[in-house]
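Residue numbers (the numbering used here), protein chains in the order written: chain A, 2 to 277; chain X, 286 to 628.
Mixed in with the good hints there might be a few duds.
[Unchecked claim] Listed below are the simulated DSS-like cross-link pairs for lysine-lysine, each with C-alpha atoms no more than 25 Å apart in a straight line: (1) Lys87(A) to Lys350(X); (2) Lys87(A) to Lys27(A); (3) Lys350(X) to Lys13(A); (4) Lys270(A) to Lys110(A); (5) Lys87(A) to Lys585(X); (6) Lys271(A) to Lys585(X); (7) Lys365(X) to Lys350(X).
Hints were generated in silico from the structure; no laboratory data involved.
Take a look at the letters that make up each chain.
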Amino acid sequence: MYTSKNPYRPVKTIVLDVITETPTIKTFVLQPETPISFETGQFIEFSVPGCGEAPFTPSSRPSVSDTLEVTIMRVGKVTTRIHELKKNDIVGLRGPFGSRYPVELFKDKEVLVIGGGCGFAPVRSLMYKLFEIRGDLKKLVFRGGCRNPKEFLYRDELESWTNKNDLNIRLTVDKSDGDTVWKHDVGLVTTILGDVGMDVKNGFAVVCGPPIMMKFTTGTLLDMGFREDNIFLSMEKNMSCGIGKCGHCRIGTYYACKDGPVFRYDAIKKFPNIWD
Amino acid sequence: MYYISENNFSRFLQICDDDYDVFLPVKKGNNRFFTRYTQQIQQPVVGEVRTSDPLKAFFFRAREKVARDFEDGMPAESRKPACIVGVKACDLAGFKVQDSVFINNDYLDPFYKNERENNLIISSDCTCAIDTCFCLALGIKPYPIENFDINLTPLENGYLVEVGSEAGIKIVEIHSQLFTEPNESQKNERDTIREHTKDAVEKNIRNYTIPLKDKFEGIIEKNYESDIWQDEASTCVECGACNAICPTCHCFLLYDQKDEKKMERLRIWDSCMIKDFARVAGGANPREKLWMRLRNRFEKKFDFFPKIADIYACTGCGRCVSACPAKIDIRNVLKRLVHNVYK
Numbered sequence: 002m003y004t005s006k007n008p009y010r011p012v013k014t015i016v017l018d019v020i021t022e023t024p025t026i027k028t029f030v031l032q033p034e035t036p037i038s039f040e041t042g043q044f045i046e047f048s049v050p051g052c053g054e055a056p057f058t059p060s061s062r063p064s065v066s067d068t069l070e071v072t073i074m075r076v077g078k079v080t081t082r083i084h085e086l087k088k089n090d091i092v093g094l095r096g097p098f099g100s101r102y103p104v105e106l107f108k109d110k111e112v113l114v115i116g117g118g119c120g121f122a123p124v125r126s127l128m129y130k131l132f133e134i135r136g137d138l139k140k141l142v143f144r145g146g147c148r149n150p151k152e153f154l155y156r157d158e159l160e161s162w163t164n165k166n167d168l169n170i171r172l173t174v175d176k177s178d179g180d181t182v183w184k185h186d187v188g189l190v191t192t193i194l195g196d197v198g199m200d201v202k203n204g205f206a207v208v209c210g211p212p213i214m215m216k217f218t219t220g221t222l223l224d225m226g227f228r229e230d231n232i233f234l235s236m237e238k239n240m241s242c243g244i245g246k247c248g249h250c251r252i253g254t255y256y257a258c259k260d261g262p263v264f265r266y267d268a269i270k271k272f273p274n275i276w277d
Numbered sequence: 286m287y288y289i290s291e292n293n294f295s296r297f298l299q300i301c302d303d304d305y306d307v308f309l310p311v312k313k314g315n316n317r318f319f320t321r322y323t324q325q326i327q328q329p330v331v332g333e334v335r336t337s338d339p340l341k342a343f344f345f346r347a348r349e350k351v352a353r354d355f356e357d358g359m360p361a362e363s364r365k366p367a368c369i370v371g372v373k374a375c376d377l378a379g380f381k382v383q384d385s386v387f388i389n390n391d392y393l394d395p396f397y398k399n400e401r402e403n404n405l406i407i408s409s410d411c412t413c414a415i416d417t418c419f420c421l422a423l424g425i426k427p428y429p430i431e432n433f434d435i436n437l438t439p440l441e442n443g444y445l446v447e448v449g450s451e452a453g454i455k456i457v458e459i460h461s462q463l464f465t466e467p468n469e470s471q472k473n474e475r476d477t478i479r480e481h482t483k484d485a486v487e488k489n490i491r492n493y494t495i496p497l498k499d500k501f502e503g504i505i506e507k508n509y510e511s512d513i514w515q516d517e518a519s520t521c522v523e524c525g526a527c528n529a530i531c532p533t534c535h536c537f538l539l540y541d542q543k544d545e546k547k548m549e550r551l552r553i554w555d556s557c558m559i560k561d562f563a564r565v566a567g568g569a570n571p572r573e574k575l576w577m578r579l580r581n582r583f584e585k586k587f588d589f590f591p592k593i594a595d596i597y598a599c600t601g602c603g604r605c606v607s608a609c610p611a612k613i614d615i616r617n618v619l620k621r622l623v624h625n626v627y628k
């Protein structure tokens, strides 16, 4: 829960490091003046003074509170300015806001986590959490898809996960683009779900990625037999105030910033055009 | 209940001016609008009907500095609290929506809360109706029954006074020499005025065959795929006037001032009719087309707020009817939506 007296005030934050992940994606290591402890799936508002603010879900370990990492794709005005940031620059953070991944439900259950493209960022934070509580989970499956190997976020780290004995993992790219080092699958992420080997009726699934990827992946999960109330989605909307007031991120009777961004599929499926 | 003469009321306003920034309605042509009180104002229009500008501007300001220099707390404002005179029932009804957004929510907006606690509201009965008035269709009477500190009914040479809050009781007590007991004929005069105004609004509702709110349930869901939206949006110029003047519209933009050295954030009114309102930087826009945004505006008012707060986010003030350069008429849209369901 947000504790500041003024919910619009950002906390002064120093940029500790900037890591170039792909040609369009960078990770920023941030240290807020007062620690911001988030739970996996929640988001923060990241602002550059004089430029503006945008929402991101941290990609780092939720158990670490003095610093946090945010992985950001350069797409718009604010993210372009963020990509110009250097070590020791001053920025602002607000939050954390919104709902989290309900990891406590996963105890003694089988869990499938599916990330797509930039959606790896929130999912990485979730996976760190799940690795910490791996002993409580019956089974952990990860499926990751990206457009091409060049844009494959956290590629080395995800490759290293393939050596984990307690993780069933497959990675894929839509097109290999002639990358000779790419030794994983080629095809949409929905094509590598057939061998998850899960008790789907009782298993949980978490999906985070671009809207079109989430739409088709959710469809596939339902076809496989996953229950609607066991599928969790991270919805991307124009979350601005973070506290359900500014009106920009409404989905049906919810605001993505306050009631989401993590939604149970059955809670939002009745609303029209959720994937747009 | 009290009575205050016109002369005493002028003195009362002078007294209020010490502790408050007093605003009262004046009339130019056919429009009434709030202006800052001075003793030179000869003809405030306390009665009649609502102003052109909505009351919300004194509570959820069009432009508010909400953060500066990363400091916690609120940027200090040097202004006094506002005392707003001649507020009408349709504006007061807007508080139900604004309060539900800014106060009765998981999070509190400290700026709005401050204004709500500190501003003084001296409301008044409507003494007539203009063509666009249809409050009764929304179940709102053309005279205040709640959310005011003091309410006035304009009589021949003074006002009948009703107090509606602790702050109202206190201020009348302190200045009790200005107030007297009303007599029976003054009380009767109030009833006559109220009946007369109700009749005038009812006449509007009949003339325009405006549906009443008991017919509104489900009109958005049942008309979601209707061609009414495209038809009604065909003349819309996306100016956002309907949002700006609406007593219930609450959407805003957080805007950071362009000074890279100094962090300063403004909260300014926004409009859901504008194309980029819900667009995300990646390009996805859930309401790409103008008619979808028009539908969204009605969905918010007649589906979202009834579901989350049990209120219709329209008070029948008719401001959007007057403000729309494209002549989109909320009464007509409602009529078409209801007709489609009950035909």
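We went through each hint and held it up to the structure:
A C-alpha spacing of about 28 Å is found between lysine 87(A) and lysine 350(X), which places the hinted pair above 25 Å, so the restraint is violated. Simply put, lysine 87(A) and lysine 27(A) have alpha-carbon atoms about 11 Å apart, close enough for the 25 Å limit, and the pair holds. Only pairs whose Cα atoms come within 25 Å are accepted, and lysine 350(X) paired with lysine 13(A) is accepted, the gap being roughly 18 Å. With a CA separation close to 24 Å, the supplied pair lysine 270(A) and lysine 110(A) stays within the 25 Å bound.
Between the alpha carbons of lysine 87(A) and lysine 585(X) the distance comes to roughly 42 Å, so the proposed pair goes past 25 Å and is violated. Annotation: proposed proximity of lysine 271(A) to lysine 585(X) holds, straight-line Cα distance about 16 Å (limit 25 Å). For the given pair, lysine 365(X) sits about 16 Å from lysine 350(X) by alpha-carbon distance, which is consistent with the 25 Å threshold.
Hints 1, 5 from the list above are not met by this structure, while the remaining hints are.
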